[in-house]
Amino acid sequence: MKVLIIEDEPQLAANMISYLSGQNYVCELASDYSQALAKISSYRYDCILLDLMLPGGNGLNILEELKRLKKEDGVIIISAKNALEDKISGLELGADDYLAKPFHLSELSARVFSVIRRRSFANANIIQHGELTVNLPAKTVEVCGKTVVLTKKEFELLIFFIGNRGRVISKSAIAEHLSGDLADMLDSHDFIYAHVKNLKKKLSDAGCGSYLKTLYGNGYKWDI
Amino acid sequence: MIKLLDKPLRAFTTYSMIVLLCSIPAYFIIIDLIWVHEINEHNQLLAEATKKNLVRLNSDQTQLLAAISLWNTLQPKTKIQPVRALKNDSTYNVYRKNNYNADGGYDRFQGLVTYVEINRQPYSLTVEANVEESYETIIAITAITILFFVILLVGFIKLNKNISKRLWAPFYHTLQQIKAFNLSDDQVVQFAPNTIIEFQELNDSIARLMEGNLSTFKRQKEFTENASHELQTPLAIVQSKLDLLIQDDSITADQSRLIEETNNALSRVSRINKNLLLLAKIENQQFLAKQSINMSLKLGVMLELLTNLIETREIAFQVHAECQVEANSTLTEIMLTNLLMNAIRYTCNDAKLDISLFSDKLVVSNAGTYPLEDQKLFLRFGSTSVQTPGSGLGLSIVKEICDRHGWIVSYNFTECRHSFTITFNSA
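Protein chains in written order, with the numbering used here: chain A, 1 to 224; chain S, 1 to 427.
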């Protein structure tokens, strides 16, 4: 899977590359507008991470260029502005998602995962992990062919873990993923315990191996 | 408080009243003096003529006495009487009951007593004339004075109104425009050009002040927005570095705890920053689109979202009446979230949270032990402390959103319950 990171801040770009490379993504970097234009017109990417404020031009123009070139690359806008208009015009121009800075790398990885899956053909939309089968469009989970009924939050949580497989996810990242903007208002992240506990129990009851590991009581890791 | 133009009106009125009051005795004294002087002159002339004629008669004593007797009978206003000796002339002024007039009032007389010697016998000659009574004069003068005072007063008021309409019109116009001025509207007031120097200077000065204020306010908003924007990228770097750090297999439990604590503090910084940015955006009027919102539906959706996250709290949601408001959807959601989360945050685990919706207001209340400081409650960072881990901006965002929509948010603490009330405008 090829990911293009269009980001002018070298440290942030390096961190993104470091995290995503560990997820078996092949990452390329464009640190300004002209580099980005050159890359998108020459290559095809599964996902493009696009910072809107770039030296040399506006990131929205890159979206327009992609549209003009009839490219099918998935695009996630990463912006420091978190402005509603940018979000709307970005999504109208064909972006798949919008992520406001600052964000957790696990959140980024989960978004990349779902953008790539959403754009893939139907068979790629079904994730097979040993005895565990997850149908993304239908939002169903099967263990050894038996359906496991999960709540909406538990399903979101499972996809989040799978999208960050092999990586440690902090509690605050999970809290923000589950509650969205409401995380701003929540002082305690305790509520995620209940969801994680329920998910673990449902999966192990159905006979699924314990892929989800708790690390030092402060983070989680989905290990295959 | 009185109006500017009423002040000179009062002074003018008082002054003219004093002048007119003083004029009453002055007029009276002068008119009376003229009266008495004229009557005295008339009496003098009459007396001199009578004396001359009596002396010229040259009659004997018997004839004289008969003539005097006849004179006294026929001439009621004069009297001739024999006296012992000649004296100097004198005048007198008396009120006497009137026998001839139907109303029987008192009349005022001015008299002259003069002396004449006829046939070696001194006689006194008294001549009287009716003078206008003092009180009648005073009444007449007072009546006229009051009449003129009333005319003056009416004139003053009318003139004042006309002057205020024409002369002060630009001033009142300017005043109206200043009253309508709102810093957050970002609109410089346009004053019409004026031909009067003072008003033109006033308008120019006010326009300059407003422009200064507006640009300061704008700079402040821009500063907040820029600072927040600039902070997002370094925050993202720190966040991503922490996310990478926990991937390290050699991390100990203690280090992991430190990282998680750093993560929590960083989330708080991020949310303060986000909220500051949101406030700046609301102030910059970036949420203008309005639509009709059904409050009970909206609240229902919000509560469903919340109860997914908070299962331990009991929330009682009562709809007393349907409530439809015209508002920005995004802002309304933010306001409700902040309000509800604020209530949830300060409610103990087992306490109930009450939400009541009426046709014109929303009340969110929860149990509490101490009243909050309502002076600082809605100020930015007004309620932050070590005990309250919020961003300190939640309620000021609620206030700002209410201000934008012309709603009123209020707080009170009664019977150990905090309650926040949002009063929607009746429209």
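Be aware that a few hints might be false.
[Claimed, not checked] Listed next, with one range per pair, are the computed distances between beta-carbon atoms:
hint, chain 1, residue 1, chain 2, residue 2, range
1, A, S120, S, I408, 25 to 33 Å
2, S, Q285, A, G166, 41 to 49 Å
3, S, E222, A, G57, 19 to 27 Å
4, A, T151, S, T369, 50 to 58 Å
5, S, C416, A, D190, 24 to 32 Å
6, A, Y193, S, E373, 47 to 55 Å
7, A, S120, S, S215, 49 to 57 Å
8, A, N24, S, N294, 43 to 51 Å
No lab work stands behind these hints: they were computed from the structure.
All C-beta atoms in this analysis are idealised placements derived from N, C-alpha and C, irrespective of residue type, glycine included.
Results of checking the hints against the structure:
no.: 1; hint: A:S120 x S:I408: 25 to 33 Å; result: violated, 52 Å
no.: 2; hint: S:Q285 x A:G166: 41 to 49 Å; result: holds, 47 Å
no.: 3; hint: S:E222 x A:G57: 19 to 27 Å; result: holds, 23 Å
no.: 4; hint: A:T151 x S:T369: 50 to 58 Å; result: violated, 35 Å
no.: 5; hint: S:C416 x A:D190: 24 to 32 Å; result: holds, 26 Å
no.: 6; hint: A:Y193 x S:E373: 47 to 55 Å; result: violated, 34 Å
no.: 7; hint: A:S120 x S:S215: 49 to 57 Å; result: holds, 53 Å
no.: 8; hint: A:N24 x S:N294: 43 to 51 Å; result: holds, 48 Å
Of the numbered hints given earlier, the model fails hints 1, 4, 6; all others are met.
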